[in-house]
Amino acid sequence: LAKTTQPISMDSYEGQEVNITCSHNNIATNDYITWYQQFPSQGPRFIIQGYKTKVTNEVASLFIPADRKSSTLSLPRVSLSDTAVYYCLLSSGNTPLVFGKGTRLSVIA
Amino acid sequence: GAGVSQSPSNKVTEKGKDVELRCDPISGHTALYWYRQSLGQGLEFLIYFQGNSAPDKSGLPSDRFSAERTGGSVSTLTIQRTQQEDSAVYLCASSGGLALTGELFFGEGSRLTVL
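Quick note, the sequences are listed as chains A and B, same order. Under the numbering used here, think of the first position of the first sequence as 1, with each following residue one higher. Under the numbering used here, think of the first position of the second sequence as 110, with each following residue one higher.
Bear in mind the hints are in silico, worked out from the structure with no lab data behind them. All residues carry an ideal CB built from backbone N, CA and C; glycine is no exception. Some clues are possibly wrong.
Straight-line C-alpha distance at most 25 Å; calculated PhoX-like pairs for lysine-lysine [as the list claims (entries may be wrong)]: (1) Lys101/A / Lys3/A; (2) Lys166/B / Lys3/A; (3) Lys124/B / Lys166/B; (4) Lys120/B / Lys166/B; (5) Lys69/A / Lys52/A; (6) Lys101/A / Lys126/B.
Partial chain B-side listing against chain A, Cβ under 10 Å, derived [claimed, not checked]: (7) Gly125; (8) Val128; (9) Tyr142; (10) Tyr144; (11) Gln150; (12) Tyr157; (13) Asn161; (14) Asp172; (15) Phe174; (16) Ser175; (17) Phe214.
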């Protein structure tokens, strides 16, 4: 299974844009890049998924360069409620999703 | 209900006892996953069911762990002769299709404490 690497933790002030970068040097051609968010005492929640270039939804944007060896989750104008753990995963077809330790984002007032 | 339901939400047991954890996936979802999460850690994959295919059991940590999915719906994770290191939150997720394009919907988890 391909591996992803992301920072263990990040801090941000409210109202700032937060960018979390994930490295996946060994990404396969059929891998999609998926991000999940997990609040304390809850199961993870799907945020966004992409294959290449840029994907945007109501929650976040996902930037993927041409070589696809990394991706950046962008959270605009974070609030205290965005404090959570963010996981970057690679998904391809009929194989189980593997979660790493994620990035613990702390938003400070 | 509309979401993934897990029971019990909390379970305290004594070392050596067997426990069963239940997961009711979203109706119609063909894929079902079990994960384990220890305090402050990431999710550890345990087992994956997809339709009528043989389950992927590659993540089960020992032969004390087993899971089954009856009728393509409800799943039960069984831990025999529990040990203290089994203490964790056990999360179940379901998906409507292949993991490639379908998002996983997680339950609230079952918190297991082995004394």
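Can you give the numbers of the hints that this structure goes against, from lowest to highest?
Hints 6, 7, 8, 13, 14, 15 and 16 not satisfied by this model.
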